[in-house]
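Based on the provided sequences and hints, a complete structural model is requested.
There are 2 protein chains.
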Amino acid sequence: MSVPAAEITSIVDELRAFLPERVSTAAAVREQHGHDESYHRTAPPDVVVFPESTEEVARIVSLCARHRCPMIPFGTGTSLEGHVQALHGGVSIDVTRMNDILEVNAEDLDCRIQPGVRRKQLNEYLRDTGLFFPIDPGADASLGGMTATRASGTNAVRYGTMRENVLGLTVVLADGRIVKTGGRARKSAAGYDLTRLFVGSEGTLGVITEIRLRLYGIPEAISAAVCSFGSLAGAVDTVIQTIQCGVPVARIELLDEVQMDAVNRYSGLDYPVSPTLFFEFHGSGQGVREQVETVGALAGENTGGEFRWATRPEDRSRLWQARHDAYYAAIALRPGAQGWPTDVCVPISNLAECILETRADIDASGLLAPIVGHVGDGNFHLSFILDPDDAEELARAEAVNERMVARALDMGGTCTGEHGIGYGKIGFLNREHGTEAVSVMRQVKQALDPGNLMNPGKILP
Amino acid sequence: MSVPAAEITSIVDELRAFLPERVSTAAAVREQHGHDESYHRTAPPDVVVFPESTEEVARIVSLCARHRCPMIPFGTGTSLEGHVQALHGGVSIDVTRMNDILEVNAEDLDCRIQPGVRRKQLNEYLRDTGLFFPIDPGADASLGGMTATRASGTNAVRYGTMRENVLGLTVVLADGRIVKTGGRARKSAAGYDLTRLFVGSEGTLGVITEIRLRLYGIPEAISAAVCSFGSLAGAVDTVIQTIQCGVPVARIELLDEVQMDAVNRYSGLDYPVSPTLFFEFHGSGQGVREQVETVGALAGENTGGEFRWATRPEDRSRLWQARHDAYYAAIALRPGAQGWPTDVCVPISNLAECILETRADIDASGLLAPIVGHVGDGNFHLSFILDPDDAEELARAEAVNERMVARALDMGGTCTGEHGIGYGKIGFLNREHGTEAVSVMRQVKQALDPGNLMNPGKILP
Chain A
105 MSVPAAEITS
115 IVDELRAFLP
125 ERVSTAAAVR
135 EQHGHDESYH
145 RTAPPDVVVF
155 PESTEEVARI
165 VSLCARHRCP
175 MIPFGTGTSL
185 EGHVQALHGG
195 VSIDVTRMND
205 ILEVNAEDLD
215 CRIQPGVRRK
225 QLNEYLRDTG
235 LFFPIDPGAD
245 ASLGGMTATR
255 ASGTNAVRYG
265 TMRENVLGLT
275 VVLADGRIVK
285 TGGRARKSAA
295 GYDLTRLFVG
305 SEGTLGVITE
315 IRLRLYGIPE
325 AISAAVCSFG
335 SLAGAVDTVI
345 QTIQCGVPVA
355 RIELLDEVQM
365 DAVNRYSGLD
375 YPVSPTLFFE
385 FHGSGQGVRE
395 QVETVGALAG
405 ENTGGEFRWA
415 TRPEDRSRLW
425 QARHDAYYAA
435 IALRPGAQGW
445 PTDVCVPISN
455 LAECILETRA
465 DIDASGLLAP
475 IVGHVGDGNF
485 HLSFILDPDD
495 AEELARAEAV
505 NERMVARALD
515 MGGTCTGEHG
525 IGYGKIGFLN
535 REHGTEAVSV
545 MRQVKQALDP
555 GNLMNPGKIL
565 P
Chain Y
105 MSVPAAEITS
115 IVDELRAFLP
125 ERVSTAAAVR
135 EQHGHDESYH
145 RTAPPDVVVF
155 PESTEEVARI
165 VSLCARHRCP
175 MIPFGTGTSL
185 EGHVQALHGG
195 VSIDVTRMND
205 ILEVNAEDLD
215 CRIQPGVRRK
225 QLNEYLRDTG
235 LFFPIDPGAD
245 ASLGGMTATR
255 ASGTNAVRYG
265 TMRENVLGLT
275 VVLADGRIVK
285 TGGRARKSAA
295 GYDLTRLFVG
305 SEGTLGVITE
315 IRLRLYGIPE
325 AISAAVCSFG
335 SLAGAVDTVI
345 QTIQCGVPVA
355 RIELLDEVQM
365 DAVNRYSGLD
375 YPVSPTLFFE
385 FHGSGQGVRE
395 QVETVGALAG
405 ENTGGEFRWA
415 TRPEDRSRLW
425 QARHDAYYAA
435 IALRPGAQGW
445 PTDVCVPISN
455 LAECILETRA
465 DIDASGLLAP
475 IVGHVGDGNF
485 HLSFILDPDD
495 AEELARAEAV
505 NERMVARALD
515 MGGTCTGEHG
525 IGYGKIGFLN
535 REHGTEAVSV
545 MRQVKQALDP
555 GNLMNPGKIL
565 P
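Residue numbers (the numbering used here), protein chains in the order written: chain A, 105 to 565; chain Y, 105 to 565.
To be clear, the hints were calculated from the coordinates, so they are not data collected in a lab.
There may be inaccurate statements among the hints.
If several chains are the same, the list does not tell them apart, and a pair holds so long as it fits within one copy or across any two.
As the list claims (entries may be wrong) - Taking lysine to aspartate or glutamate pairs in the DMTMM-like style, the calculated list, with each CA pair at most 20 Å apart, reads:
| id | residue 1 | residue 2 |
| --- | --- | --- |
| 1 | K224 | E418 |
| 2 | K284 | E540 |
| 3 | K284 | E156 |
| 4 | K284 | D514 |
| 5 | K224 | D419 |
| 6 | K224 | E314 |
In structure tokens:
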């Protein structure tokens with residue numbers, strides 16, 4: 105169902121007439137827009153266009169709709185399940201030039217931004233206001249992409265995911281209509297929740313062109329610490345008990361021994377090579393002391409050692425940079441290899457069992473695959489470090505991944521806590537939600553994009 | 105578009121054949137199912153049916169769909185914008201017999217219930233587990249109704265609304281399909297967020313037959329207090345500063361002097377007749393002390409007097425019962441009158457201005473209308489206490505309500521923070537969301553209920 109070459113030629117001509125300097129068909133640009141950070145094969149779009157406003161996006165979308173041409177919104181390309189691949193060719197709509205912070209309402213703890221704004225850019229901008237935006241998926245992703253994939257990351261255990269932190273959106277629909285959803289009120293019971301419908305829709309229902317986000321005051325006190333454990337089970341049990349005790353921990357991250365070895369090598373650190381938790385505590389001075397005391401006691405009962413503290417901002421940054429570099433550190437373990445990251449999320453009471461069985465399965469399969477996780481949410485990742493041209497190795501990884509997803513679903517979990525479906529996990533959607541719920545998703549898609557032009561081939565099997 | 109009498113007769117016959125003891129056409133039963141707690145006129149259904157399972161609901165819905173007969177889900181009838189009125193006749197599907205608590209997972213802080221379970225019943229059941237469900241709209245509503253109207257109430261400032269606390273649903277769609285949404289994982293990026301689509305859909309997209317809810321540990325320390333203020337502005341400014349300081353207050357409720365007078369008379373209390381805040385603080389013992397200290401200082405700077413404390417559970421219950429009885433207390437101010445409650449929600453920085461202008465408008469219009477509010481969210485209510493048969497008085501109230509909604513929308517707020525649209529606020533939906541967004545809502549409705557059989561005449565203009 106790709107678009108005939110002659111049709112593409114007229115689309116490019118029309119785009120060039122409209123935005124002369126901001127249309128590219130160069131092979132390198134198309135190649136860069138045809139893949140994300142995963143191992144999924146590149147599928148370049150026919151053309152890339154760089155709009156600067158909602159109105160320009162609407163005009164591009166109307167033009168593509170008229171030619172029945174697929175459109176793929178593109179932010180930073182840091183997704184992990186093939187979200188931006190142009191599986192049927194078409195136009196990549198790159199929003200990185202739409203990177204203005206349009207307003208910050210410090211009193212109301214909200215802001216309005218364009219979708220190309222990156223999370224680090226936003227927090228840099230906010231620094232003098234005493235506010236911050238907590239959602240942190242690791243990569244310096246665009247907020248548009250984070251909204252589209254319902255991203256979360258290390259802070260979600262305390263602050264929620266993009267689901268809880270997007271107050272409203274401007275979206276260009278497949279027919280060029282510009283729709284505004286949500287508003288500035290903290291809550292509303294006025295009509296269907298269109299905001300949440302677009303959050304996590306991965307570009308398949310429209311192009312996000314503005315986002316209103318919730319902000320938070322920078323806490324009075326922040327402390328971060330690292331604690332090594334005698335066993336993976338001990339580390340995971342510490343997490344489970346922390347959550348069950350209601351400690352409002354801001355981050356609680358697990359790295360298994362394979363991952364700690366990688367991090368030490370990559371970031372020049374000297375942590376023990378054993379299952380490790382990275383913590384961050386936010387609150388008042390006294391509140392943080394209380395949290396630390398509780399968690400320290402729980403860790404001590406579960407094979408945990410001493411806490412190594414990072415209280416100065418620069419030490420905390422180093423600590424979290426090491427955590428964020430975990431994926432690159434893992435890839436560096438095997439020169440020439442590529443990473444295939446995958447994630448699941450389970451109810452917290454099943455977390456230990458799910459991680460331990462998965463670790464045993466990886467080891468039995470002879471693969472290299474460190475485990476890291478936003479374990480406070482019951483969410484963990486593994487990154488297969490493999491040669492994607494080795495069909496046999498890839499098949500072994502696929503089998504481990506399928507068994508991990510099946511295990512998570514059997515435990516009442518989800519096939520992806522935060523990476524999204526893209527096309528990499530499309531095969532699991534029916535199994536997770538049932539064919540009836542997936543048929544409802546398809547009806548919504550059909551209603552809003554009857555020509556299947558918005559990021560076709562993603563989410564819906 | 106009501107259903108012909110002959111058709112109703114065959115529907116009743118078929119329902120009786122299927123559920124012999126659980127179908128009623130008695131005038132009193134129809135009347136009771138034809139109105140909520142607002143002043144909106146009664147519109148009785150043709151028949152009321154009392155299913156006990158998802159499968160029975162599915163069979164009822166299929167039967168109605170075959171006869172093209174409207175269906176109105178019914179919980180406790182405590183809604184406030186005419187949500188349950190059978191505007192086009194049809195079948196009221198009363199879920200109060202579906203009141204089983206199906207599972208509680210204390211370790212994972214979640215539970216699964218039928219929609220007829222009431223919030224007090226759930227908290228009674230949970231008591232021994234050390235957990236509670238915080239959403240508290242005042243009325244002892246069914247959780248099905250609370251889900252359908254996206255309810256919130258006094259605790260929402262800390263714990264969120266039904267939007268944040270429903271993990272998953274079972275819904276019977278207009279064609280009888282049974283759909284399961286969401287899951288037990290704390291977060292998921294797997295496909296469209298159907299759960300949030302049904303939360304707040306007011307029975308217009310399907311009948312909710314099971315709900316999975318998030319639970320919370322009962323805090324170590326709880327303290328409640330009442331504080332009187334020299335001015336309404338002082339009380340509201342205390343709220344605004346409390347929220348902006350990030351104090352994790354659990355409840356912060358405003359009652360103006362008209363409402364305090366009503367509460368004193370109704371509940372036999374002796375609070376000063378002046379603008380008053382009701383607070384509740386949750387946390388560790390030390391955490392609660394810190395919150396109290398901060399809020400006490402803010403109140404003192406804003407015309408606030410001493411805090412009157414209620415720390416024992418029975419004293420707290422008395423205090424919150426008085427708050428919850430505010431609506432009935434207001435109605436009792438004028439024997440023979442009826443209440444017309446309405447609510448809006450604005451960004452917190454606009455709250456003082458919005459409340460003060462509204463108070464002045466009420467006073468200028470010569471109406472009796474106490475103001476109460478979940479002001480920590482920027483949400484406030486007023487209850488017109490009036491004679492609904494007095495067309496002139498009703499018109500004055502309608503004008504004040506329209507101006508209040510217009511004021512809230514101009515300030516970036518919403519026409520309803522928590523009551524919902526029903527048919528009472530249907531005229532404001534386009535103004536709030538714009539015709540494009542409303543057209544998207546209509547497309548979703550059309551896709552899932554093409555015959556417009558699910559609670560017709562509600563939400564969509």
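Each hint tested on the structure:
1. With identical chains, the CA atoms of K224 and E418 are at most 20 Å apart within one copy only, with a shortest distance of 16 Å there and 49 Å across copies.
2. For a Cα distance limit of 20 Å, the shortest separation of K284 from E540 across copies, 8 Å, qualifies, whereas the shortest one inside one copy, 29 Å, does not.
3. For a Cα distance limit of 20 Å, the shortest separation of K284 from E156 inside one copy, 18 Å, qualifies, whereas the shortest one across copies, 40 Å, does not.
4. In this homomeric assembly, K284 and D514 come within 20 Å of each other (Cα to Cα) only across copies, at 15 Å, whereas the closest approach inside a single copy is 38 Å.
5. For the homomeric pair K224 and D419, the shortest alpha-carbon distance inside one copy (18 Å) is at most 20 Å, but the shortest distance between copies (48 Å) is not.
6. For the identical chains of this complex, K224 and E314 are intra-copy neighbours only, at 17 Å inside a copy versus 41 Å across copies, given an alpha-carbon limit of 20 Å.
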